[in-house]
Amino acid sequence: MKNSRSTFSQAVRYALVAAGVLMAAQAAPAAAQKTLKVVVHADLKILDPVWTTAFISNRHALLIYDMLYGLDSKLVPQPQMVEKHAVSDDGLVYTFTLRPGLKFHDGAPVTSTDVVASWNRWNKRDPMGQRLASFTASLEAVDDKTFRLTLKEKYGLVLETLGKSTGGLFIMPERVAKTDPQQQIKEYVGSGPFVFEQSEWRPGNKVVYRKNPDYVPRSDKTDAMAGAKIAKVDRVEWLYIPDHNTSLSALQAGEIDYFEAPPLDFVPMLEKNPRIKVIDIEPLGLQGILRPNFLYPPFNHPKARQALLYMVKQEDYMRAVVGNPKLYKKFCGAFFLCGSDNESSVGSEPLMKQDFEKAKALMKEAGYNGEKIVVLQPTDRAQYNAMTMVTIQMLRKAGLNVDVQAMDWGTVLSRRANKGNPYETGYHLFHTTHGGPSTANPVSNTWFNSRCEKANPGWACDMELDKLVEDWSRESDRAKRKVILDRIQARAYETVPYVPIGQYTQPIAVRSNISGVLITNVPVYWNIEKK
Amino acid sequence: MWSYLIRRILAVIPVMTVVGIVVFLILHLNPNDPAAIIAGDHATAQDIEDIRRRLGLDRPIYIQFVDWVGRLIRGDLGSSIFLERPVLHLILERVEPTLALAISTTIFSVVLAIPLGVLAAWKAGTWIDQVIMAVAVLAFSFPVFLIGYGLVQGLALELDLLPVQGFVSISEDPVRFLAHLVLPTIALGLVYTALLARMTRSTVLEILNEDYIRTARAKGLANGRVLIIHALKNAAVPIVTTIGVGIALLIGGVVVTESVFAIPGVGRLTIDAVLHRDYPVIQGVILVVSGFYVMINLAIDLTYTVLDPRIRY
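Residue numbers (the numbering used here), protein chains in the order written: chain P, 1 to 531; chain G, 1 to 313.
One chain only, chain P, in its complex shape (with noise of 0.2 angstroms):
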């Protein structure tokens, strides 16, 4: 009896040994008080943002590379690299002039050189780089910190282009610049207030960045992508949890301190627990949009894209994807984002009230006559199968006769980029989501340029609408600006590119003792303090 109680006291004391190790091993990852663990939308895959128009290798960039302009909370350029800029009385030549102890992570100085490789590689792949580059007579170094932009005529968004945080322009040292546009970089040395700590990365599981001790923010104040930059933790590391209820108990028991884009669905939850806080750093939000395929009937008639404004009602949309009615306007007619400089609401009339008759109108007079309508359905991503299953209903409610056709994300992004017939290799409808500044202006938001055979899957075609979107970009008066602007929705509400089909933001979830989140669009790191 002595033996087995003996026996039995020695094994609860080992139960509490193992017990005290395990909670050790727990408290351990606290101690790293300066580490900000963020739990990211995706896995970073692709290092070179521009080389891919991934949202997460954009994230990256802004990390570890500086660049020459940031947009301010009211989407003003302003210098971030450079210290000032002239330009000439005719607007023709911009002298720029870089800021003192610009340095890259490697110890090297920034200077001109570097600036115009990086541009001459970014506007070969970036549409609004492009557009810049079709304008410009020549880029020259003038010295190690100066550099002149010559326009063949005169262009009003020159600095908006080089301060767009989407698809922006990274600067990179020269060697790495000048990499082939259509080949990944090989070298990640930015000049920004993170380092890449390539020999850290592990894929599908962990990036880490360090802070960069030399990097001289700037002295005026912090306002969204413009101002300082300060890092104020030493690490931050991205974590790719696939599992959103993982992520989800991961932040509530402390391991991870920043959630970047909760399921919509888990807001109310997160926001009723005291150790989180919920914060929409999204002023403009984003824009879910139904893409019609212009190549094949119905939809090469622009009755047929009509109906679908009176077939879509903004609110159906944003209850099956949302929910919450804090997250979503009610309606927004504005192909530039509601919020933003750009809104317009002219020629928004038929999507504000849901009109079936007028819908089956349209698609009669487009010559519709009961064919299938294929529309590709992501069943993995909730938010894009949600507005799919709004659409399936709106469809047959108006009489058409829907193919829906069930795949995974990857296939979708493979099947829409195709050409061919809907009913073998292509399709009619998909559902896709874009927004913040990029969307909010007609040069960059890449789902309304219509310039056919160029432009993005769906392959939208008016060669009347890229004109005024043309004029749009020359003009530098802002109240000339707004004029040209009207007119362009007026004619987009005419031909549809794509549907909006509802503005909604994507808040983020951080413990309560994370503060400094910069309201900025998209998700950045610096100025966060973690306490």
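Do not rely on the hints blindly, as some may be mistaken.
Stated by the list, open to error - Straight line, CA to CA, 20 angstroms or less: simulated DMTMM-like cross-link-like pairs of lysine to aspartate or glutamate:
1) P:K206 <-> G:E93
2) P:K206 <-> G:E172
3) P:K419 <-> G:E49
4) P:K454 <-> G:E49
5) P:K206 <-> G:E49
6) P:K454 <-> G:D50
As the list claims (entries may be wrong) - Partial list, derived from the structure: chain P residues whose beta carbon lies under 8 angstroms from chain G:
7) D43
8) K45
9) T52
10) Q182
11) Q184
12) R202
13) N205
14) I241
15) T411
16) S414
17) N456
18) P457
Just so you know, the hints here were simulated from the structure itself, not pulled from any lab data. Using N, Cα and C, we set each Cβ at its ideal position, and we do this for glycine too.
Using the hints provided, position chain G relative to the given structure of chain P.
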């Protein structure tokens, strides 16, 4: 024996060849396009076309196949289309978490399941047997993700005893390595424990009805000796087979468990590669894993000779 071993190892070649051809054809005849995924959500058709050309995906399939086989013969599994890193490196990076989870799950299951299975067989028809088998059925019926979320809620969030997610290498911190393995091991191990316990019970039960067991009991041997030396040893062959198959499945990657606990193992590498259409990675992982399956089967077959002297190759 040696000639058997050599024959079995050589048999890997045709198996891998068939696996390679089938996997290549399934992937490449599918109308999917990694270039569209690489280019991102806002790319134009021209961007996608440029990337496709750059990656050589616009070449005829037979040329791509010959190119792939040529590199394979030189021992090169190729590079990830997205990461531009050798596939072998990517697999090796993921081996430690998967291997650790496979070993811990196997140990957990064997230590728990075999005594329970033997006990159930020994007490067949009694309430002990019924309880053990009921628990086994329950464990087997619950989806792993449900068990996983339950464990996270109870042991990680409520009691704050264990970490919710992630993996720490044993070389970095052995204690945290173990702490991170506990929950996934239990979540995954319960299913294997149930399977193994049922298999052990039925095998041992069958053997307990054999004449030689009756003889052993008639000779007056102690129950424990009859059970361990006479029954369990003879039941070992099917049990070892089940354990072996379990290990092979675990090494192949346990996608749900790795996803629920954010473990960067082979399973997640595979599913990620499939979702991104990263052909070289999918092909590489399947080849390596199928090679491993063949080797595990060989190891199981060789174990039979140790467990049952009647088996000779």
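Hint check results:
Of the supplied pair hints, the one linking K206 (chain P) and E93 (chain G) holds, its CA atoms being roughly 12 angstroms apart against a limit of 20 angstroms. This hinted pair checks out: K206 (chain P) and E172 (chain G) have alpha carbons roughly 15 angstroms apart, not beyond 20 angstroms. Restraint check for K419 (chain P) and E49 (chain G): the C-alpha separation of about 12 angstroms stays at or below 20 angstroms, so the hint holds. Using a Cα cut-off of 20 angstroms, the hinted pair K454 (chain P) and E49 (chain G) holds, with the two alpha carbons roughly 11 angstroms apart.
For the given pair, K206 (chain P) sits about 30 angstroms from E49 (chain G) by alpha-carbon distance, which is inconsistent with the 20 angstroms threshold. Of the pairs offered as hints, the one joining K454 (chain P) and D50 (chain G) holds, with about 13 angstroms between alpha carbons and a cut-off of 20 angstroms not exceeded. Hint status for D43 (chain P): holds, given a least beta-carbon distance of 7 angstroms to chain G, under 8 angstroms. For K45 (chain P), the suggested interface contact is upheld, since its CB lies about 4 angstroms from the closest CB of chain G, less than 8 angstroms.
Among the interface hints, the one on T52 (chain P) holds; its C-beta lies about 5 angstroms from the nearest C-beta in chain G, closer than the 8 angstroms criterion. Hint status for Q182 (chain P): holds, given a least beta-carbon distance of 5 angstroms to chain G, under 8 angstroms. Here the hint on Q184 (chain P) is kept, as its CB sits about 6 angstroms from the closest CB of chain G, short of 8 angstroms. A hinted interface residue such as R202 (chain P) counts as satisfied when its beta carbon comes closer than 8 angstroms to some beta carbon of chain G; here the least separation is about 6 angstroms, so the hint holds.
Evaluation of the N205 (chain P) hint against chain G yields a held restraint, the C-beta minimum of about 4 angstroms falling below 8 angstroms. A least Cβ separation of about 4 angstroms between I241 (chain P) and chain G falls short of the 8 angstroms threshold, and the interface hint therefore holds. With 8 angstroms as the threshold, the beta carbon of T411 (chain P) comes within range of chain G, its nearest partner Cβ sitting at about 6 angstroms, so the hint holds. For S414 (chain P), the suggested interface contact is upheld, since its CB lies about 4 angstroms from the closest CB of chain G, less than 8 angstroms.
Of the supplied interface hints, the one on N456 (chain P) holds, with its beta-carbon coming within about 6 angstroms of a beta-carbon of chain G, less than 8 angstroms. At about 6 angstroms, the closest approach between the beta carbon of P457 (chain P) and any beta carbon in chain G falls short of 8 angstroms, and the interface hint on this residue holds.
Hint 5 from the list above is the single one not met by this structure.
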